[in-house]
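Whenever a hint applies, use it, and build me the whole structure from the sequences.
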Amino acid sequence: MTGAVDEGLRSVAENANTHQPLAPGHERIITERFILWMGIRTEPAWNVVQRLRLTPATIDATIDHVHAILVARGRTECSWEVGSSATPADLVEQLRRRGMADDDDPDLVGMLLRREPPAGEGVEARPVRSFEEFQEANAVAFAAFGSLPPTDEARERARYEEEVSSGLKRTFVAVIDGRIVGAGTSTYLDRAVTLNGGSVLPDARGRGAYRALVRARWEDAAARGTPVLVTQAGRMSAPILLRLGFEEAARIHVLVDRFG
Numbered sequence: 525m526t527g528a529v530d531e532g533l534r535s536v537a538e539n540a541n542t543h544q545p546l547a548p549g550h551e552r553i554i555t556e557r558f559i560l561w562m563g564i565r566t567e568p569a570w571n572v573v574q575r576l577r578l579t580p581a582t583i584d585a586t587i588d589h590v591h592a593i594l595v596a597r598g599r600t601e602c603s604w605e606v607g608s609s610a611t612p613a614d615l616v617e618q619l620r621r622r623g624m625a626d627d628d629d630p631d632l633v634g635m636l637l638r639r640e641p642p643a644g645e646g647v648e649a650r651p652v653r654s655f656e657e658f659q660e661a662n663a664v665a666f667a668a669f670g671s672l673p674p675t676d677e678a679r680e681r682a683r684y685e686e687e688v689s690s691g692l693k694r695t696f697v698a699v700i701d702g703r704i705v706g707a708g709t710s711t712y713l714d715r716a717v718t719l720n721g722g723s724v725l726p727d728a729r730g731r732g733a734y735r736a737l738v739r740a741r742w743e744d745a746a747a748r749g750t751p752v753l754v755t756q757a758g759r760m761s762a763p764i765l766l767r768l769g770f771e772e773a774a775r776i777h778v779l780v781d782r783f784g
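Heads up, the sequence shown is in the numbering used here, so the first residue is 525 and it goes up one at a time.
Hints listed in this document are in silico derivations from the structure and should not be mistaken for laboratory results.
Where hints are given, some of them may not hold.
[Said to hold, decoys possible] Have a look at the derived ranges for each label pair, beta carbon to beta carbon:
hint, residue 1, residue 2, range
1, R552, G702, 21 to 29 Å
2, R622, P726, 34 to 42 Å
3, R620, V595, 16 to 24 Å
4, T582, E680, 37 to 45 Å
[What the hints assert, rightly or not] List time: in silico SDA-like cross-link candidates among lysine to any residue, alpha-carbon distance up to 20 Å:
hint, residue 1, residue 2
5, K693, A682
6, K693, P548
7, K693, G563
Everything numeric in this text was worked out from a predicted model, so none of it was measured.
Every residue gets a Cβ at the ideal spot worked out from N, C-alpha and C, and that includes glycine.
Structure follows, in C-alpha cells:
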C-alpha cells in the first residue's frame with residue numbers, strides 16, 4: 525500500500541459507471557438508494573445498478589423501481605454491482621433469493637495505481653493515430669474477449685470522432701513488429717484516469733504488451749497532472765495488476781438480473 529485511500533478515489537474504484545462522463549446515448553439516474561447507468565445496448569453489462577444503499581425493507585421496492593425504468597426503455601436485463609460499501613451486508617444473498625444469478629466472472633477488485641509502473645520492453649504503446657487504428661484496436665479487443673467485432677462502420681466512426689473531439693477518452697494500442705496486438709482505453713476524470721478494456725491477442729501474450737499499455741496510460745495520466753490509475757479487475761487481470769503496483773481499494777460482486 526502507498527497510503528490511505530480517500531473515499532472519493534475508493535468510490536471511483538467501486539462504482540466506476542457512477543463517475544464516468546456520459547457518452548452520447550448514455551444515461552444515468554441517481555437516487556438515494558441506487559445509481560443506474562444505461563449505455564446504448566441492451567445487454568446486462570450496458571445497464572448497471574450500483575452504489576446501493578438499501579435496507580431489508582426497501583430491496584423489493586428498489587428492484588421494482590429499477591425494472592420499471594428499464595422496461596420503459598425497452599430493456600429487460602441488467603447487472604447489479606454490489607460493492608464493499610453496499611448495504612445491507614447480506615445484499616448479494618438477498619438478491620440471489622430474488623432470482624438473480626452470479627455473472628460469469630462475478631468477483632471484481634477495484635484497484636488503484638499511485639506510483640510509476642514498470643515499462644514493457646520491446647513493445648510500442650501509444651494512442652491511436654487514425655480511424656483505421658481505432659478500428660483495429662476495437663477488433664483486437666473483441667477478439668481478445670471472444671466477441672464479434674462491430675459491423676456498423678458509421679457508428680464506429682462516430683465513436684472515434686466523439687473521442688477525438690470531446691477529449692474525455694483515449695484509445696491506446698500496443699504494437700509489436702508493426703502489428704497492433706493489444707488495446708485499452710483511458711477515461712479522464714478530475715483526479716484520476718480510469719482504465720477499461722485492456723486486452724491482448726492470444727498469440728501475443730507474454731511479451732509485455734499488457735504491461736506496456738498500463739505504462740503508456742500512466743505516462744499520459746501523469747502528463748495531464750492526474751497520476752492515479754483506477755480500474756476494476758477480474759480473476760485474470762487482478763494478479764497481473766498487483767504485480768504492476770496496483771493496490772486493492774474495493775470489492776465488487778456482479779449479479780445478472782433477467783426479468784423480461
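Comparing the hints with the structure gives:
Distance hint check for R552 and G702: the Cβ-Cβ separation is about 40 Å, which falls outside the suggested range of 21 to 29 Å. Distance hint for R622 and P726: a CB-CB separation of about 38 Å, consistent with the stated range 34 to 42 Å. Between R620 and V595 the beta carbon distance is about 22 Å. The supplied range of 16 to 24 Å therefore holds. Between T582 and E680 the Cβ separation comes to about 41 Å, which falls inside the hinted range of 37 to 45 Å.
Distance hint between K693 and A682 is fulfilled; the C-alpha atoms sit about 14 Å from each other, no more than 20 Å. For the hint pairing K693 with P548, the CA-to-CA distance comes to about 13 Å; that is within 20 Å, so the pair holds. A distance of roughly 16 Å separates the Cα atoms of K693 and G563; the hinted pair therefore holds under the 20 Å criterion.
This entry does not satisfy hint 1, going by the numbered hints stated previously; all others are met.
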